[in-house]
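Enquirer: As a plain string of letters, each chain reads:
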Amino acid sequence: MHCLKMTAVEFINITKKFGSFFANRDISFSVEKNTVHCILGENGAGKTTLMKILFGMYRQDSGSLKISGEDIRFNSPHDAIAKGIGMVHQHFMLIDDFTVMENIILGNEITKGIRIDFDKTAGILNELISTYSLNLDINKKISEISISAQQKTEILKLLFRNSDILIFDEPTAVLSPAETDEFFKIIGKFKSSGKTIIFITHKLNEVRKISDKVSVLRRGMLVYESSNENRNLDLNILSQAIVGETVVKANTEKADIVFPGNDGRNAISLRNIFLKKDNVSRLKGLNLDLYKGEIHGICGVEGNGQNEIIDIITGLETEFEGEFSNPGCSISLVPDDRLKKGMISEFTIGENIILKKKSSNFISERLLDRISTETAEKYDVRVSDIKSNLSSLSGGNQQKVIFARETELESDVMIFSHPTRGVDINATVFIHSKIIEQRNKGKAVLLISSDLDELFALSDKISVIYNGAIAGTFGSEELSNFRNEELIRKSDESTGSPLSDKIGKLMIGIKTE
Amino acid sequence: MNTKFRINLISISLSLISTLLIVFVFLLILNKNPFEIFSVIFTEVFASGYGIGQTLFKATPLIICGCGLAVCFHASLFNIGAEGQLNAGSFVIALVALKAGSLPFPILFILCIVCGFVVSGITGIIPAYIKIKKGVSEVITTIMLNFIILALVNYFLVDFFAVKATMHTEKIADSNMLMKFSDIFPFFEGSSLNMSFVIALLLAFASYIFIYKTKFGYKLRAAGFNETASRYIGININKVILLSFFTGAGITSLAGINYIFGYKGFYEMGFSSNVGFTAIAVALLARNNPLGIIFSSLLFAVLDYGGLSVNQLVPKEIMLVVQGIIILSILAVDRIVKSYFEKRGIA
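First to last, the protein sequences are chains A and B.
Each residue of the first sequence is one higher than the one before, starting from 0 at the first, in numbering that gives the first Met the number 0.
Each residue of the second sequence is one higher than the one before, starting from 0 at the first, in numbering that gives the first Met the number 0.
Source of the hints: derived by calculation from the structure; they are not laboratory data.
Treat the numbers as computed from the prediction; the structure is a model and nothing was measured.
Check each hint, because a few of them may be wrong.
To be verified - Pairs of lysine-lysine residues, derived as BS3-like cross-links and limited to a Cα-Cα distance of at most 25 Å, are as follows:
{"hint": "1", "chain 1": "A", "residue 1": "Lys339", "chain 2": "B", "residue 2": "Lys132"}
{"hint": "2", "chain 1": "A", "residue 1": "Lys357", "chain 2": "B", "residue 2": "Lys212"}
{"hint": "3", "chain 1": "B", "residue 1": "Lys263", "chain 2": "A", "residue 2": "Lys339"}
{"hint": "4", "chain 1": "A", "residue 1": "Lys275", "chain 2": "B", "residue 2": "Lys133"}
{"hint": "5", "chain 1": "A", "residue 1": "Lys65", "chain 2": "A", "residue 2": "Lys32"}
{"hint": "6", "chain 1": "A", "residue 1": "Lys355", "chain 2": "B", "residue 2": "Lys214"}
Excised from the complex, chain B in its bound form (with noise of 0.2 Å):
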């Protein structure tokens, strides 16, 4: 576990390296000073405690799905899904918010986590079942079931839900509200950071254990590792993919709580911006550790709102290549820091 950790670490930090060096020569190339770039980023990003909440707001969302992505990953399943799945149970947990609005604000809470995650869940089960009885792989049957849940969710909200010439559901009351963190600390002012930053701390924590320190856990990586072996173990291959399928799309459904009940109180189409996607990078950047992964999901947030800042020195779509490289040199770096090691014969 120690070595492996810090190979890890070192494959990570090499490609966060020639992260760097790359975008640093492809603003070069731009005719951008690099230097005068990454400085407007770093004040924005850090200099204020409003860039710092803004950047915390953002990885809430992406701490929540990435480690929901991460259960499926470690059993080895190659979950696309997350966008439509999380949309799912957002949806819901806003219906319940609204038409339960009238309950203590605990339990309402644990009501619209509860049923969001049991649906986000169930649309989880889907591509699993698929999977079991017919081999289908989950990539293709995650993908696809993205359009069709949106296509969905974007149905009943329209048609049944959404206010008039919007695209978005009804408020909750203002009573039920999370609390801003600049409520509490000035220094945050005017930023959404919002109790759902803690909460995704919590749960990656309770990620982390959940998969490396529980049973079930261990038995959800074996099957990821070596499913033949792991049959002949005796572990039940298919119970370990409907259940991870299950808690890893249900987890994904709580990226919705930052937006609805720590920022607008609504469920608005659209409003994930492809966090379900982003969130799959983030995963495999902190190779699946949910503790890594609220460190790579902050360092997706800082490019994110850095990439807004510097808009008007260059558009803000570089930090999306930012982005596409880091995933590109984690790939060939770790490849090349493991044949490294392994020729040596360390790991």
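Pulled out of the complex, with its shape left as it was, chain A reads as follows (with noise of 0.2 Å):
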């Protein structure tokens, strides 16, 4: 009863709804035993949520869990470790002031009577150190150590556990170029050793070098699995499979606009931007113009210098080099993160929206009420009780508040970072046409996204960002030709469309022509 490849973890329809929001919906596919499995995706995309649900540190709403094929449910991470899993998290889970030693054993001490057995433990760490080329110091503190030893520390605590199927929730995001290439080939002794390694990642050309076979998903869903046997992935599908390629076309049909006085009217120019951030080149030469009664897309992987351009643009940051110029401009920003960034979940949707509106000092409860309910009239948003706090809002409705805020407010330049992102589908119709409404008040409108049906829904203008430049960009013309081809494409699914293509490979950093 030898199968050829056995099956080390199994997801069997998993789906996680966090309220009205489905952070994974009927996930299915598995990952083989003694192979490095890739999950890819977006932020927020349901990646981290998927493998904290096979971490045991949440539970689904439905679907069941196999390890090596024996159904499991785990009611904490010490079943899952128990069972050999283990996780490395995007945060290490560290204590400062202890050596490596002390971290690894934390737990797990070896003891001999009731005292540590050190000796005893070092001799094992030491011996898993240079079975994997680990090339770490025990005994140093971890405040002393690097970014990528505290990774390994965190790697031999695995090893300690004897965890057989090792989940890494984006590994590289703290890594230089050199230390990745040295963890990747850490992974593949793992591989030899005959373990399981299931790697969260959105950097595709990581994924080519080390995985056998990819997962990706998109809004929770699992949209594309590599087969087993092509080796040779293709970037493209799979870029194109992380932001989107199937075109849902909601009811954002776009008018065209009748816009007075079409003759440049420029509202926020970049030019030739240099910024560093913690001694990181951010913004390396970056152009940006910004005209009113357009939608600038910018298109790109995150973290390629999105944030970057709204900061300098909203005045957060100051200490770039280059031209910023802004003719007396109003801004409103719609951020990407709308918890850490958007709202104050505490308080109510009138009590968010004074924040920027104009009032007289002095704020009464009638006030407050009465913006509250005209919100929610006006851009739909579903709450049950006027006087309740933000927090207990979907975060489709939680957007919706923060769009009315800012769009209420009237500003000649409205930025919209990520505005569809963890927000159900009847949300992001809504949200699609109130940013084309901007663009037909004659505002300027500068949209980020990482997903393409949205750029290409949308924008006027596309231009790709990567490293910190605009890598190219796409005038209506050609993007106008591509929403004629997408209408004849549709019956011919097989052939992907050459923009998109033009786009998936500057988004990765490979320039056509």
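Two independent chains are provided; combine them into the complex using the hints.
Expert: This is the structure we're talking about:
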């Protein structure tokens, strides 16, 4: 009864909801033993949620989990660890003032009588270090070692616990290219020693280097799975799977607008911008112009400089080189992370809006209730009690409140960063129509997204950002050609459109022509 | 707001009840009759006009100082420096009252308040500035500033302003003292309760409006809840830190008027008897709501005065123990109550 391929983990119809938002929806796939399985997807696609379910930190709402063919229900990470599952989180869980060894054995001490047997422990650890070439000094304190050494400490912790299934949540995000290469070598050794590796990332080029198999999640759903035999992954196919190639056209049909005086009304202009943060170059000679009555889409893998552009335009970042001109335009922003940057969860709708709205210095309960009610009606915010805090609203409704606050200001420049992330379909349709409305009112709109559908549906112009600079810009002509082709192409799905191909390549730094 | 208010009320009541139970057991262990002790406290505090008057008198500086701290706490600025701040301001109030004693009383009084407020406010701006410029936690700087300010006040008092062989300034003119309650209501005969209490109540209402009903109050609370979001929303965080520290510290200076204008007529070293620290607990118990602070101040005043009255039965320090238990049980019960409601999706 020896199967050629054994299954290490099997996800069967996993669904996990947070409120009304599906973080994971009906996900089924399996991870084979002794392979490196990459899980790809944008932030918020549901990768981490799925892994937290596997690691016993969350419990799925429905669906089941099999480890080595056995039905499993974890109550806590303890259960998962006992089953040989180990996870290296994005944020390390280490105690700074403890040594590497002390951190590793914490909770799994080898004892001699009532004393911890440090000699024996050190022997075991050093053997593991040499087996896997970890190159780590176990007697150094965590506060004294580099980030990559801290990561190795986390890895060693898993090895010490004899984990067979190792989950890495975006492990390379904190590593330099050289460290990444070293990390991949370690992964290789794990594989040759018979371990199973699940590797979460949103960096495409890494996937090709190490993965045996790839699953792509988008908006909580499994949208792509590589076949078992095909080791030569097509990055374009992957990038399109991540950001979405199948065009789900909602009611965002773009009306032709009549904009008086179409002759280049420059709102914001960035010229040759360089920005360094913590000694890392974030922007490298970036050029960007925003015109009134135009939606300028910015497309790119996250972390290529999108947030830095926002910070410069909104004035939060001033330590940059280059020329930034704003002829007195007021600016509104719908930020990418609404919980962290967009709203005060402890405040009601009205209270969130009054923070930016012009009003007298004294604010009455009646005024707040009126604002809340009006906003809820006008922006279709579904809320049972007008006095309840924003924290009790669903993600989509929270986003509508932020939208209401920002668009009601009637600013000249509107920045929307991932406006529909973590938002259900209905709210997405609504938000898209509002973005178009802003454009039709003659606002200069900057739309930052990693969702190609969204960008194609809304933008007048799309720029691809890569590594802190604009890698290419596509004007309205190319986009409308694309839209027309798209209608024809619908019947013949086997061919990719040349434009999305081109954009996909630019996103990962490959210049065509 | 309403459900939140209800949950807070439940949590506070439960923590007070659990405190009472713990103290009850505690007294039993000490082989004291808890009923006897509670009844002595009750009769001493509530059965005479003097008892009520003294309790309200003791509550006055707590209300004032608690309101000042509430302003800081709402902005998530954990100001531990009220003791120093209020002494700096009170000292200045007493000096101005002495030097400008010939001015008509209303003008003198307002001048004293403004001077005290500004001086205390400046002592609050120091930690705010260090926090903004260098990112140093205000907890550390305000604790340290307590020592510095108290030492400086001590130095100026002893070397320049104190009456010989005492630790206090000269007494201000009797005509410049605030009216005592017992002057109008003989019911309060003998107690030190004075118009400062009314001022404290007005201040609590003003602070409530400032925090919950003004635009700046909303911004201050927003910054306290979520600094990053507030920055993106366009709130000037540095301004919030500076202004709330200035206002909060400034308010604490007014705690001195109860003693200076209402009771002794001079500034005395140590007059505040740790009001600046007790007020932290007072503000926390009231969830930093100034109207709630009136009640939590009254509770602490009852404990304080009640402690004196049962001194013959149990050491009065037991009331410090009670205060400690209250704070601990608030922290513990609050967590339990909140998670109870969260699990049921109410909060």
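Enquirer: Going through the numbered hints above, which ones does this structure break? Give me the numbers in ascending order.
Expert: 3
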